[in-house]
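Sequence order for the protein chains is A and B. Position 111, counted from 1, in the first sequence is what the numbering used here calls 111; the numbers after and before it change by one each time, with no gaps. Position 147, counted from 1, in the second sequence is what the numbering used here calls 1147; the numbers after and before it change by one each time, with no gaps.
Any given hint could turn out to be false.
[To be verified] To give an idea of the chain A side of the interface with chain B (calculated C-beta under 7 angstroms), a few residues:
| id | residue |
| --- | --- |
| 1 | Leu44 |
| 2 | Asn61 |
| 3 | Pro76 |
| 4 | Glu141 |
| 5 | Trp143 |
| 6 | Gln244 |
| 7 | Tyr246 |
| 8 | Ser252 |
Treat the hints as calculated values from the structure; they're not laboratory data. Glycine included, each C-beta is placed from N, C-alpha and C at the ideal position.
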Amino acid sequence: MSEKKEKPPKNSELQPELVQLQRRLFLRSGLSLGALSLLSGCNLQDGDQVDKVLWAMSRWNDRVQSMLFRPNHLAPTYPASMITKPFPFNAFYDADSAPEIDGDTYKLEVSGLVRDKRSWNLAQLRALPQASQITRHICIEGWSAIGQWSGVPLRTFLAHIGADTTAKYVGFKCADRYYSSIDMATALHPQTILALDFGQEPLPTEYGYPLKLRVPTKLGFKNPKHIAALFVTNENPGGYWEDQGYNWFSGS
Amino acid sequence: MTTAGQTRPIIHPLLVRVAHWINAFAIVCMVMSGWAIYNASPLFGFDFPRWATLGGWLGGAIAWHLAAMWLLVANGLIYLGYGLLAGHFRRHFLPLRARDLLRDVKNALTFKLAHQPGIYNAVQRLMYIAVLLLGVLVVASGLSIWKPVQLDGLVDLFGGYDVARRVHFVAMAGIVAFVAVHLALVLIVPSTLLPMLTGRAPRHAGKKPPKQEQQA
């Protein structure tokens, strides 16, 4: 700083230069890829302005998807020969850590806006009308796999518990600390089932024993496994991934 | 003070310029977030480098992708509407004759291709038409893998979900290749950059030596 002792320039002299410099910097950063890579820090988890816009757009996408959803339009089904073997395992933990649940003492708890809040055991669930489907499970990561699931159509179950089907959401709590929720229109879709079987067998541990929600009109993470409790509500219950930033509706 | 600048013709209308820069921003967002989504489950035997991705993690990348898609599509529809209705495409991208194309490809490969501001040569016409079609393809395939149940007819058109995913990737690759050539050409002929901001032809445009006049 050899020029330190010189008389400092007046503010008014500096002003135009500063403005020019600012303009140059603004333009340069506005045009550079570097500026965009700064944005890549915006990841829905820091709560900054860009994240707020992204969250708002995700809520807008929820509304658009619920308008696009056709209540009686069926997801494509496939022949048994097209079933993916082996079917991929995917969870927020390793397959070894999937919860071991005793089917003899298992109970599905029911709560919220329903008439009958009694719990259900597996024999009672199997006594209800069953439906089977061979559909494509599409993961948010991009891969997909075809599998066969059978169980109680959720709308049949909701009718049995006297659910208020004018409520907005059905929520699920799982034995592996996972949780998720779906809109009522999807809950009443004919292919949305409380699955008890995978292929011809009861659900294996890693695929959600003893009860898993199968929703072929939504992405895979909206198909919670090891369901321990089901509830009907007008407050959006969110979900394990949804609360971190996955789009809530995530319809297919 | 009268300068040549005031008489220089507008070669890029305001709507085209605004749409161009909005599109540039949207495309960069879509490609970088798309690469991050690809990395979650790579279709082919490679990953995209993390520094070239947007969103930080899969949830962030998808949020970017499904937010920027509205900007891309809304802007794209306005541009397409203008291009078709105002005759912009017809005037600038047509006619595209095989004869001209062969000549201009040969000129381009031997670095003899002349650049006339406001007039696209056959190679440019082909590239702009191709990237428009790639844009339609990338949006259609993207919609089909976003909504494979609600838009199952569109998925069938592509030959299934897995094919649509690959089409989406190939269309992206084609657009990225276009951008690479597009940017390389701007570097080679930097005087094309300013008109996309100001709209006006470069200052030297009127003093073109006669040998650059194309004899088609």
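Hints the structure fails to honour = none
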